[in-house]
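S.K.: Spelled out from the first residue to the last, the chains are:
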Amino acid sequence: MSRYVLPLVVVIALIAFLMIGLQRGDPRALPSPYIGKAAPNFELPTLNDPDVTVASQDLEGNFALVNVWATWCPGCRTEHPFLMQLAREDSIPIYGINWRDTRPEAQRWIAQLGDPYVASGFDETGRVGIDWGVYGAPETFLLNADGIVVHKHLGPLGREAWERDFLPLINAGGAAR
Amino acid sequence: MKPRHQRMLAVGLALTGVAIAAAFTLRAFQDNMMFFVDISDVIAGDYPRQRNFRIGGLVVDGSVQREEGSLDLRFRVTDMNCELPVSYVGVLPDLFREGQGVVAHGRLGGDGVFVADKILAKHDENYMAPEVADSLAKHVEGKTAGLRTGDTGCVTP
Amino acid sequence: MIPEIGQFALILALSLAICQGVLPLIGAHRNDTAMMSVGNTAALGQLVFVAVAFGCLTWAFVSSDFSVLYVANHSQLSLPTIYKISAVWGAHEGSLLMWILILAAWTVAVSRYSSELPESFAARVVGVLGLLSVGFLLFILLTSNPFDRLSPPAADGADLNPLLQDPGLAIHPPLLYIGYVGFSVAFAFAIAAMLSGNLDQRWAKWTRPWTTLAWMFLTLGIMLGSWWAYYELGWGGWWFWDPVENASFMPWLIGTALIHSLAVTERRGLFKSWTLLLAITAFSLSLLGTFLVRSGIIVSVHAFATDPTRGFFILAFLAVVIVGALILYAWRAPSLDSDAGFGLLSRETFLLLNNVLLVVAATLVLMGTLAPLVIELLNGGKISIGPPWFEVAFLVPMIPLVLLLGVGMHTAWRKQDARPWVALLRIPAIAAVLLGIIIPLMFYGRTSLLMVVGVSAALWIIATSLIQPIRSIRRKDGSTGITRSALGMSVAHLGMGLFVLGVTITSAFNVESDRALTPGQSTEVGGYDFEMVELRNVEGPNYSAIEAEIEIRRDGEFVATVRPQKRQYLVQKNWMTEAGIYVTWNKDLFVALGDQLGNGAWSVRVQYKPMIRFIWFGAIIMALGGLVAVSDRRYRLKARKTSAAGQSVAESA
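Protein chains in written order, with this note's numbering: chain D, 153 to 329; chain R, -15 to 141; chain Z, 150 to 802.
Calculated from the structure, these hints are not laboratory results. Only a predicted model underlies this, so the values are computations on that prediction, with no experimental measurement involved. Ideal placement from N, C-alpha and C gives every residue a C-beta, glycine not left out. No incorrect hints appear here.
Incomplete in silico selection of chain Z near chain D, CB under 10 angstroms:
hint, residue
1, Leu299
2, Phe461
3, Leu475
4, Arg481
Pulled out of the complex, with its shape left as it was, chain D reads as follows:
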């Protein structure tokens, strides 16, 4: 009798083990080292005009989103409509970091799909991306009025994650102020 139960035992053990493996979480869901710390300083030429720069100081005084994007990244295309919606709602300024991209491509993207950004820094070499600990586009950082990173979202941003992870932080921050 027992040998007919053996496969069941093996399989339950295997499933339990895989369950633990899955609990380990998404290998890409990394702890952001910057949460609770000041965002690294940066100064970049803007995408639209190389002579104008956008820098850390521009972001301070208000909650702000910093969205790392690129035209070669499919996830950025996915989240773009949502960013447009956010921009239309005008609840929070969105700054872009156009990461490891080419200027004409990125400008065409903005012209075609719309520009949700107050300004996009043009980070051709990816240096700023490295300072910010960017693993892959898209990534979105939420900064509070003091320029502290309070949240980081990996992958395309959508309404659900916005309402679950971002809004409570913004509301709490607003109340404290």
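Given the coordinates of chain D, work out where chains R and Z should sit on it, guided by the hints.
M.R.: Chains R and Z only, in chain D's frame:
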């Protein structure tokens, strides 16, 4: 053969097979496991001496050097804390780029240069090998927490 | 509008699947004919609605409807139409939809060609398939909806991954899924048999053709995947022991064991519980493969967009299905012991050995695939198990398997008399060993122990699998000759022999070299001169490319021109390597363009691959053997006649 003998034969054979396989596997695993070693650990001297291992990180911008017209290639890989020079001879995978994640198989040469015999490509540009992402995360974290891994002597450029 | 129709069709399909999964099972339990026959109708309706959904998604792709997120992410305006169609199953959501479509098609096929099955048995099979379909439809509707909208619509799509823009890969997934899903039929037969509690030999007879068909498609699917990897991304390799490949290979190994064990169960009524267990395992491994590939739990170069939620869903589904099946098994199997015996020297013994070795092989592959995860969870650091381990580990069960195969084919059921047996096999054995020593030396000039073993084993299988067909041709007096089923076995084993020959020779004598070439320069690899004549720019529909023209000569005599390309796809910007391959029956000359080295030089990977075509050709012959076996009169599937259904309704009334 009686059914009972039959069953004993079956079970016996199966057990022998599994035993051989298990013994063999454990032995061969030892020889074929490829460890992934953080670059900081490599620099600190903490890596398997007698065998190949894997490293990974970002290809440092501007570090890729090639002798004109030859297959010899040198570049540096960083885990955001230390940098390790890597040499490779051969054809590179399509997704090898400066600033991008890379995984290399090989061993450390006497001159401190990692001699890669294989450079790994991913199918998807947007994807970073989890071990590389982990390794980077660890060191970025260490850096911002002010924990200089002083014993390795590496300072972020 | 069209995507909403698709979505709605999926919801309707789900409700029909629930009917199909519940009513026939209850009907079979209560012996209620009307309830049982609901299953067939529901299955047909489900197929229609899933096909509508699939059609809607295809239409969204062909018409470039970028208001559908899935389309916007995986297609693009200038993508050739053929790839717009294959893009439907180019990523997770669409491939899941295809999986469901295939499951529905298998179900309808089973319900139509089931005239030999008792009605309650057929109803249970259809019911179990319906329950599986419910699981997959919930999966797609809850976690992976391909019809999600993107608002506002994108102006242009993000393009299909260039690696997938290839004819081989367009048909690889469908074949693979037909195979995977086909094992769910064998699974459903096993569950139905255990539910009914009536497990006689007829069960094996009914299951066999379906299992063989599924195995045949899986063989072809894996073969195409390997071929695609070879010319599209492998830089000349044909199997990488990547988790994704292993995920398809494990069900194949168990499926192969199942086919052989079913033969014993059908012929002799033995190994019943073992066969049931294999049927459950083959399907479980298909599910496990899906889980491993799509949950992101294991690192693979085939980066399917992974998502832990999906992983959790599949794991839960897998747990319900397999644990349920195994509880049923633990309950029913003990009553299946058979009293029939067999001699030590008998077909049964050899098939038993076949099963043990194949299961050991599958276990080894599973261990190697899961080991990195185990060691990481035990905090042993991050490791990977490289192809060298698999290559050696896999040989351990495979060498005895191929050697015993030739013997087993010519051993009688029950008991074989040793003397005629030795007389028959002595000559092929001696010939195979001698030729195994001579051939490598004669054609390639060197040899080794492993090579002698490999070539001898291959020739041994080829020779022994030809004995029966040749004898039946020579027999002149209109006697029956060889049955289709036996012929199918011979053909499949012949294919195995060709495969082993290809693998042995190509891995032993393959020459691979990375060289730097400028136009006008040439280099020698494997006795051939490769001259780079010129480099030029080429424009494709959605890519631009640099193409090298390379002339191949042997001893100054022109052999062929190949044109490898380096393509840059316009949307995703990534570079792709298109190898230039010159193919003859006994070798491939493979040239791939690497990178620009400066000074007008390019790195080029040049390879001489003897006998590599035998690998895929052998696999095709194996699959063909399956087809021949299924065509045996014994298994000829008869369509359920509508009058028969009417009649039984009349009877029960």
